[in-house]
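S.K.: Sequence:
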Amino acid sequence: MGDMDPHIFAVAEEAYKQMARDERNQSIIVSGESGAGKTVSAKYAMRYFATVSGSASEANVEEKVLASNPIMESIGNAKTTRNDNSSRFGKYIEIGFDKRYRITGANMRTYLLEKSRVVFQAEEERNYHIFYQLCASAALPEFKALRLGNAGYFHYTKQGRSPVIDGIDDAKEMLNTRRACTLLGIVDSCQMGIFQILAAILHLGNVSFTSRDADSCTIPPKHEPLRIFCDLMGVEYEQMAHWLCHRKLATATETYIKPISKLQAINARDALAKHIYANLFTWIVEHVNKALQSTVKQHSFIGVLDIYG
1 MGDMDPHIFA
11 VAEEAYKQMA
21 RDERNQSIIV
31 SGESGAGKTV
41 SAKYAMRYFA
51 TVSGSASEAN
61 VEEKVLASNP
71 IMESIGNAKT
81 TRNDNSSRFG
91 KYIEIGFDKR
101 YRITGANMRT
111 YLLEKSRVVF
121 QAEEERNYHI
131 FYQLCASAAL
141 PEFKALRLGN
151 AGYFHYTKQG
161 RSPVIDGIDD
171 AKEMLNTRRA
181 CTLLGIVDSC
191 QMGIFQILAA
201 ILHLGNVSFT
211 SRDADSCTIP
221 PKHEPLRIFC
231 DLMGVEYEQM
241 AHWLCHRKLA
251 TATETYIKPI
261 SKLQAINARD
271 ALAKHIYANL
281 FTWIVEHVNK
291 ALQSTVKQHS
301 FIGVLDIYG
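If you're matching positions, the sequence shown starts at 1 in this note's numbering and goes up one per residue.
If you're looking for bench data, these hints aren't it; they were derived computationally from the structure. Cβ atoms here follow ideal geometry from the backbone N, Cα and C, with glycine treated the same way. It is possible that some hints are incorrect.
Restricting the straight-line Cα-Cα distance to at most 30 Å, the calculated cross-link-like pairs of lysine-lysine (DSSO-like) are [as the list claims (entries may be wrong)]:
(1) 43 to 297
(2) 258 to 290
(3) 99 to 144
(4) 172 to 222
(5) 297 to 274
(6) 172 to 115
(7) 158 to 222
(8) 290 to 172
What follows is a set of in silico ranges between Cβ atoms, one per label pair, in the way DEER data are often shown [unchecked claim]:
(9) 7 to 248: 52 to 62 Å
(10) 139 to 248: 35 to 45 Å
(11) 107 to 190: 16 to 26 Å
(12) 224 to 190: 26 to 36 Å
(13) 250 to 271: 16 to 26 Å
Let's have the full structure, built from the sequences with the hints guiding it.
M.R.: So this is what it looks like as structure tokens:
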């Protein structure tokens, strides 16, 4: 790279040249403190490879590789006090090349998703972008059945008291997310299934509990947030209301059903929300990887590691 100032395109070019010249796989590690620009740098590196190498197939694989970015940012990035678009997970993406060093496909691995953000945000911070994109698009006819409102209505999106990012139109970002999903082969019906689960998580966060005594609690009868959650997830209301307020204890010989306190029930509700989101996140990553696979044989690869700071 000579005496020039460091530049992400120069680093990417050097990795590409070394891969071609030495016939050895390469890796780029993007590091730095929160807000330094790691995710943007990783995106530009991927864009560089997509531009200079072209595709080894008719499927325009490089476009799909780039389309994975808005999807992963919507479900894995959030506003923090230091960064409006902070990655809350680690990502390693391996971009494959054929013998002529054209892109054949890619594979992504993710690490350490910050599940706690789904149920709690500190002051001036937000939940994952996708929830605000959903709320901003609540008026769309196809979202009517999701029973959404603005971000200030849901417990899981209002805690940070900062539902809006200056200069960002969440409704427009939702269009970009949906466009990227379509490009990666996630059909409209499947997209609606994803949004249905995300909406269910928001409604679950609004489920409230009433203490009976120090060791037991109950959910108000015909509780609207829980009813909507059950409708969206396809589960029975009575069963859900019961098991959010009780736990099962198994011994060697018997099984006990024990009531739990209001605080324990709130923790159980939040644990369920985190579990649902983490599984949805994993499913989306797996689907993105399937879309990025290619029948063309991979000869070499360049890996890009983006760890959140």
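S.K.: Between the alpha carbons of residue 172 and residue 222, is the straight-line distance 30 Å or under?
M.R.: Not OK: residue 172 and residue 222 at ~36 Å, beyond 30 Å, violated.
S.K.: Hint check: residue 172 vs residue 115, CA-CA at most 30 Å. Holds or violated?
M.R.: holds (25 Å)
S.K.: Need the status of pair residue 99, residue 144: alpha-carbon distance at most 30 Å?
M.R.: Status violated; Cα separation ~50 Å.
S.K.: Lying within 35 to 45 Å: is that true of the beta-carbon distance residue 139 to residue 248?
M.R.: holds (42 Å)
S.K.: Is 16 to 26 Å right for how far apart the beta carbons of residue 250 and residue 271 are?
M.R.: holds (19 Å)
S.K.: Between residue 290 and residue 172, does the CA-CA distance stay at or below 30 Å?
M.R.: Holds: residue 290 and residue 172 sit about 27 Å apart, inside 30 Å.
S.K.: Go ahead and decide if the range 26 to 36 Å is satisfied by the Cβ distance of residue 224 to residue 190.
M.R.: holds (28 Å)
S.K.: For the pair residue 7 and residue 248, does the Cβ-Cβ distance stay inside 52 to 62 Å?
M.R.: holds (58 Å)
S.K.: Take the C-alpha atoms of residue 297 and residue 274, compute the straight-line distance between them, and say whether it is at most 30 Å.
M.R.: Between residue 297 and residue 274 the Cα gap is close to 38 Å, so the pair fails against 30 Å, i.e. violated.
S.K.: Kindly confirm whether 16 to 26 Å is satisfied by the beta carbon distance between residue 107 and residue 190.
M.R.: holds (21 Å)
S.K.: Can you confirm whether the C-alpha distance between residue 43 and residue 297 stays at or below 30 Å?
M.R.: With Cα atoms ~24 Å apart, residue 43 and residue 297 stay inside 30 Å; holds.
S.K.: Taken at face value, is the distance from the CA of residue 222 to the CA of residue 158 at most 30 Å?
M.R.: Holds. Residue 158 to residue 222 sits at ~24 Å (cutoff 30 Å).
Hint check: violations occur at hints 2, 3, 4 and 5; the rest are consistent with the structure.
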